[in-house]
Amino acid sequence: MKARNYNNYKGKNNVLFLKNVIKNFAAFFLLLFFTLNAHSQDVDISKGKSLFNANCAACHKLNKNLIGPALAGVSEKYEREWLYTWIKNSSAMIKSGDERAVAIWEEWNKAAMNAFPQLSNQDIDNILAYTDYVPEPVAVAASVAVPQATGTTSSFSQDLVLVILVIVLIVLVVMLFLVNKTLRAIVANNGIHIEKKETKIFSEPVWKLFLKNQFLVFCSVVFLLLSSAYFTYGWLMQIGVDQGYMPVQPIHYSHKIHSGANEIDCQYCHSSARVSKHSGIPSLNVCMNCHQNIAEYNGEEDLEKGYTKEFYTNEIKKLYKAVGWDEETRQYTGETEPVRWIRIHNLPDHVYFNHSQHVNVAGIECQTCHGPVEEMEIAYQHSSLTMGWCINCHRESEVKVKDNDYYTKIHEELSKKYGVEKLTIAQMGGLECGKCHY
Amino acid sequence: MSREKKYWKSEVELSNSLDITDLKHNEFTEKLPIDLEMSDELVQSSTNRRDFLKYLGFSTSAAVLASCEGPVHKSVPYVIQPERIRPGIANYYATTMFDGYDAANILVKTREGRPIKIESNKLSKYHGFGNARVHSSVLSMYDSVRVQGPVFNGEDISWQNLDDQLVSHLKKSDDASKNVYLLTNTIVSPTSKKVIESFIKKFKNVKHIEYDAVSETAVLDAHEIIYGVRALPFYNLDKANFILSFGADFLGDWMGSSYDKDYVKNRVPKKNNNGKAKMSRHIQIESNMSITGSNADVRIPLKPTGQKHVLAYIYNKLESNNSPVPDLEDSLKQKVDTIIEELVSNGKSSVVLCGHDDIDSQIISFRINEILKSEVKSRSKVSMLRKGDHKKLNNIIKDYENGELGGIIMSGVNPVYSLPDSLDFKSLLSKVDFSVNFSMKMDETSVDSMYVAACPHYLESWGDFEFINGEYSLCQPTIKPLFDTRQFEDCLLKWTGSEKSYYDEIRTNWESNILKNGTIWNKVLHDGICSVDNKIKLTPNRNLNFTSHVESLLSDKSDGFELIIYSKPGMGDGQQANNPWLQEFPDPISRVSWDNYLTISKFDADNIGLKNYNESNGALNSNYASVSCDEIEVKIPVIIQPGQAQGTVGISFGYGRTQGLKPEMKTGQNAFRLYNNFSKLQFVDIKPVYEIHEFACVQLHNTLMGRGDIIKETTLETFNTKPKNYWNAIPVVSKNHIETAVNKKEVNIWEEFDRSIGHHFKLSIDLNACTGCGACVIACHAENNVPVVGKREIRKSRDMHWLRIDRYYSSDVSFEKDKEKKENIDGLVESLNVFGELEDPNENPQVVFQPVMCQHCNNAPCETVCPVAATSHGRQGQNHMAYNRCVGTRYCANNCPYKVRRFNWFLYNNNEEFDFHMNDDLGKMVLNPDVVVRSRGVMEKCSFCIQSTQAIILKAKNEGREANANEFNDAVACSAACSTGALKFGDINNEESEVFERSKDDRVYHLLEYVGTKPNVFYHTKVRNNGKMKKT
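Protein chains in written order, with our numbering: chain F, 1 to 438; chain S, 1 to 1032.
Rather than coming from a laboratory, the hints here were simulated on the basis of the structure.
Worth double-checking, as some hints may not be accurate.
Claimed, not checked - The calculated lysine-lysine pairs, modelled on PhoX-like cross-linking and capped at a C-alpha distance of 25 Å, are:
id: 1; chain 1: S; residue 1: K333; chain 2: S; residue 2: K317
id: 2; chain 1: S; residue 1: K348; chain 2: S; residue 2: K276
id: 3; chain 1: S; residue 1: K74; chain 2: F; residue 2: K417
id: 4; chain 1: F; residue 1: K400; chain 2: F; residue 2: K416
id: 5; chain 1: S; residue 1: K74; chain 2: F; residue 2: K321
id: 6; chain 1: S; residue 1: K955; chain 2: F; residue 2: K435
id: 7; chain 1: S; residue 1: K276; chain 2: F; residue 2: K317
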């Protein structure tokens, strides 16, 4: 019934670091390869790549249809000259009635391609070189081979140091044991007899003595009672507190990728947070603003956890299914299947919390309450969300009065009354029951 | 001492008979009535006490363990989020309600696409405020017993099937040249009219008949005779200085009016520069006690036949022709003469209103207004709210008898329920070839109809209306239809063969015929209303034979009791009988909920032998009376009504529904059965039935007993001539043997908190403006998720209304006399006698209404006694209630001098014992998501709608500006719903706010001020305009 996963997320840093290293080396080798390649021809593939990304990537992919057709191997289908004219001004070509141009235009829903008069023939050559380029498997093999060679650098060192320390300690223990044994042997050989100490200090067993000392018994009982009360209280107090709650969601949505790697602003998706009491789980049309064009994952992987590229791409497919997006036709099918997310932050019904008050009026960072979301592969509840936690912040934080005329008069009057420079939220009335409970 | 003495209880014991020995061994002579308490299963079960305890222990610990694990909440966002919807933010849509009875231009508050509350549309000049029923209507949409799709003979069918079958039925009737009747309520929609016309054009045998459940045919006919226009008259009551009303309940439901706003404009005395205040004067001559009569300066209880005599008398004096003059009793004559004097002296700013269902009274009253040259009676505006002609219903019967009746199509009406027994519509329905009922419910008519066309609620529909000539309004859907329903007009269009939807028709019609001067459709849709210059000029026909009308007026002879059927501000004509808010709404006059009853005067009740009495727990009981008229007999409980004219009785419409509602809602008796010839006046016989009826009455003490500090009242004369201290003195207490006013700082036992910083909310309640209509009570229910508790609980005084409207009767002829009487008590014996007397209301008492909610005392007695500090004071003046902190000691309720705290005796949601709207998923959709639903065992009370005040403050903060002076005016639901401005809320620390201005008024006083609670609610002394007439 209750799918809860309290996985500890921490402790993955090492793996992350490793991945970075791999990535850097891979990039380095790839680049090296390209540069070498480029020198062998007249065209510059890396230049072509950057031109492609700047001008073409919004509508084209190499091996996949997007808004326009896939471009890999396009130079083989059409002759250069034709491509030059097409790229520089496709609509003119269509108007002029070029047969092939019209055919493309009609095939792609009569969507005209932008004209790129700024591109020189050389530029186009570079781009085409990039689109024609098929990476050779050798490069991949080389890049994979790299980390083995570079494995001894800092990331491994920590573990290694630990292992070495452990080994040293074990050796020390063994050595001491051996030394002790040797010494005893020497003593025995020398004929010295070590007298065993008289062990019988107490006439009776210790527990009987303990029972006889009533004061001690009393103290221990009191201690036991108090400590058990302490732990029981602590246990009771955590009931209903779901700090660390990290449920498995129907779609593996990674805040780390979106908010961390891609640096998307929180409020791009949770746009209601500025104006409403709810931050709002983004509707799927917001996802599709980007994911119309991002159909596969090409970022970092975490092989250890199974977060491979295929895994992430598969999650994107789940989104497409939910929103009813047909990748082939690039059309909405109308068959939707709303995603039933599992809510992580659950305030009780008797609490009124308003995001806009905190985000917009007070200007608090989302991370203050929600923790390092940009590092969360799986979102979890960072704060305890208990009333004590709320109250503490209300006691300590000052009201943000700057640029807000609402506070001008009341702040002036109240700070005079309380004789303080800056008012805390509590002094403003932020601890009153009725402010949050109604 | 060891010798055994034998004691015996009775001599029978000595006989040693078998019976006695048996008895000795049995503790109880009778079998214990455990079977009644327990089900058979329980009695026969093998579980013994110890097992029971084991189970109990196990289940308790299981429950505790289970509660440690929180439930998993799902969040399902939109797939494609509509542009205008943001979770957590309310949207408002302007629309219009018209159900054939109530009419109002309103705003609908929606949250996440669900309508949750009705608000007033202040752009609308005439119908911008809703009454209690309009406010309740939002809950009627979420009614779990609605018809969810088209039905044929009790089986679900598809719309396609229904269309095909209906069209073939219509054609068949046409071929057989049989008539098909289209029976609807009054059609005030210009486009709907067109749709019906085109339908009739296609099917020539269709005849359209409009009829109103509560008919105004007499007024319509009289208006047509005198002014040549078949419409209801419209009155500009804001121009009236003198109102004489003959049984016209214009603050209630008279002609579907919403006159209260205009009426009150002249009823609040405002002192001008020379210290004199003016207010209008209102005299009500009526038989039942209505809320209009309660608000009158002078109320004269009189039988309807007697009222007709007075009308004839006044006419004669004013017209001075040789019409017959009735003989009036001396005391009455004296009063009427003064009235005539006042009518004449006020001339054109006086008006005579008449609520009688007879054409002669109406013609004479119209004529009197003409003689007075009354400007109050509008000459350019008429009301279109009722147009039904009940006489045409006879055509159906005639056609049926002649075998010419093909079928009946009904929309917006419930004839099986609302036609009098004498018409026997039920059996007629079963004999026609086909019958279709457009209805939201499986009501009385639907059950007997062949087809039921499920139609949407008005909040799911399109529509347009013209309530008053030139005043157009639009109705737009605020939610997607909840069920498989289709609008009446859409069906007609379909059957006519049109491809267009009703929305298309409306828009085309508006754009080509109504919208002029460049007004655009979207603007009208946004505003909900649109005024067009459609003036008509009403010219009266002076050449009628008025004398003959006077003669027929006087020919009416009283025969037995005169029954006046009226409608309650709560239930109206009974369309919303399945609405728990309305069922639980206490009648403003009798304060009885969940029932209708026969109102009778004390005198008549004593004569017949009818009684009202309270049980030991305070609950009200009564006898039944059997009311018979011709062959119809209705058995109905009795309420002895102070102010009821002798020889008259009253029963309200709207109760006694039997179909299409939950069992709990099947309350009261159907007064439509007695509504012969659509006349509200019937002559009946009354016989007592000695059975006991249990009422759910929320107010058990009817008089003030001279306690002038609860309701302060004075006359206009005193108000104008005497200093404030004379008629509104602040109570004094002895401080160091010096009499000091209670509002002085030095008599306060509390340390005063400085409340001059920030907001400080106060609510002003003007008793002169409060008509007691109760719209605020329902608005409060809707806003604050107040639960409905049901009749049984109300009887135990466990009602949950956060806002109640107390109604007090005077024991003497006026409250002033009561006060005098109380103050002149001398000695203990006399005090016992006089207080005893003061407990009984007068035969014709003065009446006041007083809305009471939590007074948000600055020195709140409830706060100091709460052991867990669940109730505490905010610096904005609100008394907070933290429900989750409350442990239910109820100390606070005991210590509250105003008795406004309400305890949740049970869990009222998800509880089958309380099968009202909070028990089903549909009904829960009306809940306000910003207010928590309270659980069992906690105290609750008015919060001054803190969710709204906080929302307004947050809005200002978000926009980075100070809150505006009058931004808080409509923050509280009661003040927003109040059409007359009796309740006004605001920030007292803002000197530009209305509430600040009102707090400076001389009439201001606080409830039980001498207690020293310093409430944040203040009242305004009621001023009555006694005029020249001395009350005797």
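Cross-check of the supplied hints:
1. S:K333 with S:K317: Holds. S:K333 to S:K317 sits at ~12 Å (cutoff 25 Å).
2. S:K348 with S:K276: 22 Å, holds
3. S:K74 with F:K417: 47 Å, violated
4. F:K400 with F:K416: Holds: F:K400 and F:K416 sit about 17 Å apart, inside 25 Å.
5. S:K74 with F:K321: 19 Å, holds
6. S:K955 with F:K435: OK: S:K955 and F:K435 at ~15 Å, within 25 Å.
7. S:K276 with F:K317: 80 Å, violated
Comparing the model with each numbered hint stated earlier shows that hints 3 and 7 do not hold.
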